[in-house]
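Participant: Read off the chains here:
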Amino acid sequence: SQTIHQWPATLVQPVGSPLSLECTVEGTSNPNLYWYRQAAGRGLQLLFYSVGIGQISSEVPQNLSASRPQDRQFILSSKKLLLSDSGFYLCAWSAPPGTGGAREQFFGPGTRLTVL
Amino acid sequence: KQEVTQIPAALSVPEGENLVLNCSFTDSAIYNLQWFRQDPGKGLTSLLLIQSSQREQTSGRLNASLDKSSGRSTLYIAASQPGDSATYLCAVAFYNTDKLIFGTGTRLQVFP
Numbered sequence: 057s058q059t060i061h062q063w064p065a066t067l068v069q070p071v072g073s074p075l076s077l078e079c080t081v082e083g084t085s086n087p088n089l090y091w092y093r094q095a096a097g098r099g100l101q102l103l104f105y106s107v108g109i110g111q112i113s114s115e116v117p118q119n120l121s122a123s124r125p126q127d128r129q130f131i132l133s134s135k136k137l138l139l140s141d142s143g144f145y146l147c148a149w150s151a152p153p154g155t156g157g158a159r160e161q162f163f164g165p166g167t168r169l170t171v172l
Numbered sequence: 205k206q207e208v209t210q211i212p213a214a215l216s217v218p219e220g221e222n223l224v225l226n227c228s229f230t231d232s233a234i235y236n237l238q239w240f241r242q243d244p245g246k247g248l249t250s251l252l253l254i255q256s257s258q259r260e261q262t263s264g265r266l267n268a269s270l271d272k273s274s275g276r277s278t279l280y281i282a283a284s285q286p287g288d289s290a291t292y293l294c295a296v297a298f299y300n301t302d303k304l305i306f307g308t309g310t311r312l313q314v315f316p
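Residue numbers (the numbering used here), protein chains in the order written: chain D, 57 to 172; chain W, 205 to 316.
If you're looking for bench data, these hints aren't it; they were derived computationally from the structure.
With a straight-line Cα cutoff of 30 Å, these simulated DSSO-like cross-link-like pairs (lysine-lysine) come out:
| # | chain 1 | residue 1 | chain 2 | residue 2 |
| --- | --- | --- | --- | --- |
| 1 | W | LYS205 | W | LYS272 |
| 2 | W | LYS205 | W | LYS303 |
| 3 | W | LYS303 | D | LYS136 |
| 4 | D | LYS136 | W | LYS246 |
| 5 | W | LYS272 | W | LYS303 |
| 6 | D | LYS135 | W | LYS303 |
| 7 | D | LYS135 | W | LYS246 |
| 8 | W | LYS303 | W | LYS246 |
Bound conformation, chain W alone (with noise of 0.2 Å):
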């Protein structure tokens, strides 16, 4: 059974902090990874995507990484900010199909 684990499931941080978010999944026949935010009652924001080929991605104070040989991913936020506080959302979509099976989440607050 393909399944998606994000450890630690909930962080407080002071602002200032650099941040280590972990993504582990199950099958190494992964198609892509995308990282999402999600704020109380919202939708879901699209971070960064990493497909299959690539080893990381980065967007400003984001960097993503992919491992497959052992099923980890990880998302690195330089100089967390209050404005960071969010649930950092994991998702896979494992080898030739478009269904995404996501992580739990870490829920992130960072205090000033």
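Isolated chain D (complex conformation) (with noise of 0.2 Å):
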């Protein structure tokens, strides 16, 4: 069966410091993956996805970014982390185009961040 994983769990930055974020996904091939983020009293957005490693689309102008080293490896980051980075940051995969699946997304424990 599919786990994804994501770490930390919890995460309290200074301003200005530097992010990173993991995604890991297990019992499966060239998922697509996906980043979201969840802010206080907002809903989730969709910030990147991923169709493979090194294939990264950005759907949000922002201080932040991903990378995808390995097939089922995905990375958030950021050089320097502001206020409004604060929020619950979740990972999810889902079966790629053309496997016949019905491309449900399936998704992480979530990390949540807190700027100060």
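Need the complex rebuilt from these two chains, each delivered in its own frame; the hints are there to steer you.
Facilitator: Printed below as a string of structure tokens:
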């Protein structure tokens, strides 16, 4: 069965510090991977998605970047955090197109980021 | 602009009631629609997925319906229990894209 991991679970960082959040998926190959952010009082917003190693699409201009160095690893980064980067970050995966699936998305446990 | 709306925003009911949560979307060209559950401080748990060619899906006490022509989906919860208390999110993948557009959710509280 497939599982998705995120770490750290919680993080408190000062403004201007760097950020690295990691997401890994087990039990599947060539998944589509996604980063979402859920800010306080707001809905879930797609930040980045990836259909393969090194292939990243950005949905919203922002202070963050994403990378996919391995097939089942997705990393969210920032060089200098802003207060507005605070939120709950969720990673998700889905089977790639052409595999016969319904493209259902499955989410990880999330990382709670507080920028002070 | 493709948007997803959920009503009500919050709902509080006694245990045992049958519930209907509503989701509406602005573009009928959808690929699929997912219902999720989110417990406080936790990730999302996928409850049901309805593909665009389907009218409904059932899992246990949950039944989700889809009416593309009217841009609506409903999640029916039978015989609600306190353990059903959570936020329920509707998300739509519009045609030929893997991107999910989320509604803002319905926060459900079921009291004993």
